[in-house]
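S.K.: Fit chain B to the known structure of chain A by using the hints.
Protein sequence lines correspond, in order, to chains A and B. The numbering used here puts the last residue of the first sequence at 718; the count rises by one with no breaks. The numbering used here puts the last residue of the second sequence at 1157; the count rises by one with no breaks.
The set of hints was computed from the structure by calculation and includes no laboratory data. Think of the CB as a built atom: it goes at the ideal place given N, C-alpha and C, for glycine as much as any other residue. Hints are supplied without guarantee of correctness; some may be wrong.
Rough simulated footprint, nothing fancy, chain B against chain A, three-plus residues with beta-carbon under 8 Å [unchecked claim]:
id: 1; region: 287-300
id: 2; region: 622-630
id: 3; region: 654-665
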Amino acid sequence: MNTLRERLVAEPERFEFGAVPMHQFDLARREFFKILGAGIAVFAVAKDALAQETAPGSPSFHSEESPKEITSWLHIGEDGMVTGFTGKAEMGQNIRTSISQTLADELRVPFESVRLVMGDTALTPFDAGTFGSRTTPTMTPQFRRVAEAARNLLIGVAAKEWNVPPEGLVAADAKVTHPASKRSLTYAELARGKTLAQNLPAEDPITPATEWKIAGKPLPKVDGRAFVTGNHKYTSDIRLEGMLYGKVLRPPSFGATLVSYDDSAAKVMSGVTVVRDGDFIGVAAPSAHEAHKALDAIRTQWKEVPQVSSKEIFSYLKKNAEPSSNERFRHQKGSLEEGLAAATHGLEVTYNVAYIAHSPLEPRAAVAQFADGQLTVWTGTQRPFANRDELASVFHMPESKVRVIVPDTGAAYGGKHTSDAALEAARLARAAGKPVKVVWTREEEFTWAYFRPAGVIEVKSGIASDGKLTAWEFHNYHSGMSAIETPYDVANQLTQYHQVPLVLRSGSYRGLAATANHFARETHMDALAHAAKMDPLEFRLKNLSNARIRAVLEAATRSFGWPRKKTQDGQGFGLACGTEKGSCVAACAEVAVDLASGGVRVVRVVEAFECGAIVNPDGLRNQVVGAIIQGLGGALFEAVEFENGRITNPHFATYRVPRFRDVPEIEAVLLDRKDLPSAGAGETPIMAIAPAVGNALFDATGIRLNDLPLVPSGLGKG
Amino acid sequence: MAMQIEVNGKRCAVSYPPDTPLLYVLRDELGLTGTKYGCGEGQCGACTVLLAGAPRRSCQIPVSAAAAKPITTIEGLEKEGKLHPVQQAFLDAGAFQCAYCTSGMVMSSVVLLQTNANPKREEIVQFLQGNVCRCGTHPRIIEAVQHAAKMMQERAR
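Looking at chain A on its own, in the form it has when it is part of the complex:
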């Protein structure tokens, strides 16, 4: 980012030719070459499908706009360096590496000569956000198409130079060669002195996965050295000249309104700026401790209002569901009545799923600076352009005067869609007339961020004597629609999502409701298998014709050694499977229960995952293993507790997250389907772990657990 800025100053404006209209981009082409220097540029425009589930009218699903036009572009400089531009953000999912691989692969250049500019509203194309496992399926084909076009441009330049037909030229190893005359020119030489640009519509990938040379390889994380040395600057590490530290005064409880306010003691403190704007109260001071002191000196009184508590949340959700006639939320096939009548076994169970917190280790943070009529905000967000638009709207500035930059971020997991910290830092910076940094405390993160919504899921089913499903009725209250429909073959079914007004501020989370819906479905399927006296794997395969899910089920169970014989008391085995967002997952778990104390330990997990053609098996393995471990938290013990409008466990000491001792032996089996397009992998690997563990606990103890988390304080004695 700094290099680009420096180059903006250092690079003299150059003569341009071959003007191409580029009105659809924020960045004018003149500006583009000014920033990057001369060379060759290609821009792609693509239409893309809905990126993530949306439930209109329900703020809990943060009505994401579907990206209208996803675009990407790249530049080849006079030094041969290739720069790709994308509005996506790097948050640990390793897309900076995988996209660079794709670019290098298609452009036929070394991996090391590619770099990416990401998540900067002034430099990168519009992007709706980094969520919904959409980066790989959208960016991979687009960058391939862009790179292919750039290759052709380079061939065209060489053909003109040598006065030969372009058909006989070959682009490889960062140069264009004319085999007949044994002449060659490097990309750097070809780009020299040029400002050539081309627009194109993005279509399917050019090179099939079977011919990938750089993509498909387990290349290490780009800039890995900067992370092990502490040199990488996350948002919270940024320090600007004259920067102040901001703190926000939070209400004592959700929904509380300000009754009285006295900032006289804080206002007189040296270097301190106090802002009160409606119910927003914040301070900016030369240091964090001075900001704390100033905040403590502000006297406030609040009027609190009654709030629902976690003890009563599930009955509340059930009682307060909105009557919905929205057909979008309802899917029906066959006749439930007939299906239930044909059943020899019936089962009706209610499943509850608690609120959980993302709690990324880097809390929400932003640095805001007003200078020369422009607002620049560095912030760790998944939606830089939405943040920019919100800042522009709140501060009544044109979007062109607001720039949001996302440094590679200390994780998000779906939790950093909103612009809270950005707005707070900017509000304080405007009042103070100096740059301001706001970093949320862990307690703020656990309280004022948003959560994965709680939910109630009711399932009613029937099976025939041969173990075939005859009826399936599935109602989800509040938690969401992701993966709500069963992948199993059942002629008679009804699936419905029921909206409930928000209780806690809720939103996206890795996999969204797919975890809750898979937990309910796969726990239920396990109970049905036992009712039918069938092996859980056999029962699933009998009702499943989806070949991709069957393949991961077979791969996971093979590696796990299913069915396993128990060798000791308290040992249990369970499995679960599913599909979502174009990928498939199956997990097998082994648990050990201490029958005297009720202590639970997950001993081993084998998970098979298939997301089409694998772009980077090393990064994918990291995502899959990470999802299993993160999923174990929500499966076993994570739950946000609240009472009287307060979160009662807003610390790592009271909100338990998975730690080293909780981590089982893990085996990730990756199925590489080179014949299928690459799907995203950030979410689906988290879905199967909770039901697999719950089913293993049933196998170990005969106790069927129908709520998440399964064992927040063990199974209890006896």
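M.R.: Using the frame of chain A, we list chain B on its own:
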């Protein structure tokens, strides 16, 4: 007279009040931002530094208590452009995702290997129990520590 602390072998004057947690002095006053804020409560290990060779949560230590002892931060591990074996091992194993916990993990692991040259898996788990990785990179971190132990033993030979 201004307080002084010794960080990575250099004396540094500190103007922040003596009860300021060391973490804020390192990050905000001295610009050593490799040490991370994760919770401010000593629960996550992201702010781990070495104080006279011992691993300490810098968010829990007033700077005054650190004044008489040498402090090592993540920035002090690299010597003449060469990574510490633990850093190199984390890099080789790809033992990070968002990498925000990495500084704390590396610092804790450096201490573990100073006191136990060849830790068993269970000993690594025990030692790093106080360090949170939210991305779930634990197996690779354990692998990295074992790999670092091997490198350090070979180097000592």
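S.K.: The structure should be examined with respect to each hint, and the outcome stated for every one.
M.R.: Here's how the hints hold up against the structure:
no.	hint	verdict
1	287-300	holds (count 3)
2	622-630	holds (count 8)
3	654-665	holds (count 6)
The structure shown violates none of the earlier numbered hints.
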